[in-house]
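Could you build the full structure based on these sequences and the hints that come with them?
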Amino acid sequence: MKKLLGFVPALALAVMMSATALAEDGALSGAALQEMGLGGMQVMSDREAMDVRGKGFLGPGSNSLAFGGSFAALSFGNIANSGTIDGYLADGDYMAGGSHLSEAGFSISFTNELEVKGAPATKQTYTLTGRIYAGGQAMATSL
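By the count of my numbering, the sequence shown reaches residue 149 at its end, each step adding exactly one.
Derived by calculation from the structure, the hints in this document are not laboratory data. Using N, Cα and C, we set each Cβ at its ideal position, and we do this for glycine too. Treat the hints with care, as some may be off.
[Said to hold, decoys possible] Derived DEER-like restraints, expressed as beta-carbon distance ranges: (1) M145 - L34: 42 to 50 Å; (2) G46 - G141: 53 to 61 Å; (3) Y132 - S105: 32 to 40 Å; (4) L107 - D57: 34 to 42 Å; (5) T135 - L71: 34 to 42 Å; (6) G98 - G43: 37 to 45 Å; (7) A55 - G104: 15 to 23 Å; (8) D57 - Q143: 29 to 37 Å; (9) S35 - F73: 46 to 54 Å.
Given below as structure tokens:
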């Protein structure tokens, strides 16, 4: 019972102190802000606060960064080689993304002339074609 009697005055004092810090509309009073060293601060409306709520510190650049690249190479011995490199870098405040595609290919033609005794010569052409693809997509989103 003694503990309860000691608690009641402390609770009443806390209620009185909190009531004096609030103005009539429930916001902190100018005097209360001054006591906390925030006298130059201005209280904003809830509507104004919604414009900045949750945005936090964004730092010197953007929040989203996406990057990607691809490489495609094709080789046919010492006869033909082909290659390509491609990439991208994207950034944005809330979303960044992109896609990339690399393509490498070659085409080789061989012509052969056939002669058979007593027959007209014939030509035969052989074509060797090669192609390779590489690609992808990257996306980054920040909320």
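Status of each hint after checking the structure:
Range check, M145 to L34: Cβ separation about 43 Å, and the 42 to 50 Å hint holds. As the Cβ distance of G46 to G141 is approximately 56 Å, the hint placing it in 53 to 61 Å holds. Checking the proposed 32 to 40 Å range against Y132 and S105 shows it holds: the Cβ atoms sit about 37 Å from each other. Take L107 and D57: their Cβ atoms lie about 41 Å apart, and the range 34 to 42 Å holds.
Restraint check, T135 to L71: a C-beta distance of roughly 39 Å satisfies the suggested window 34 to 42 Å. At about 38 Å, the beta-carbon gap between G98 and G43 stays in the expected band of 37 to 45 Å. Remark: the range hint 15 to 23 Å for A55 to G104 is contradicted by a beta-carbon distance near 35 Å. Separation of D57 from Q143 is about 34 Å and conforms to the stated range, judged on CB atoms against 29 to 37 Å.
Look at S35 against F73: about 52 Å separates their beta carbons, and that is inside 46 to 54 Å.
In terms of the numbered hints stated before, the structure departs from hint 7 and from no other.
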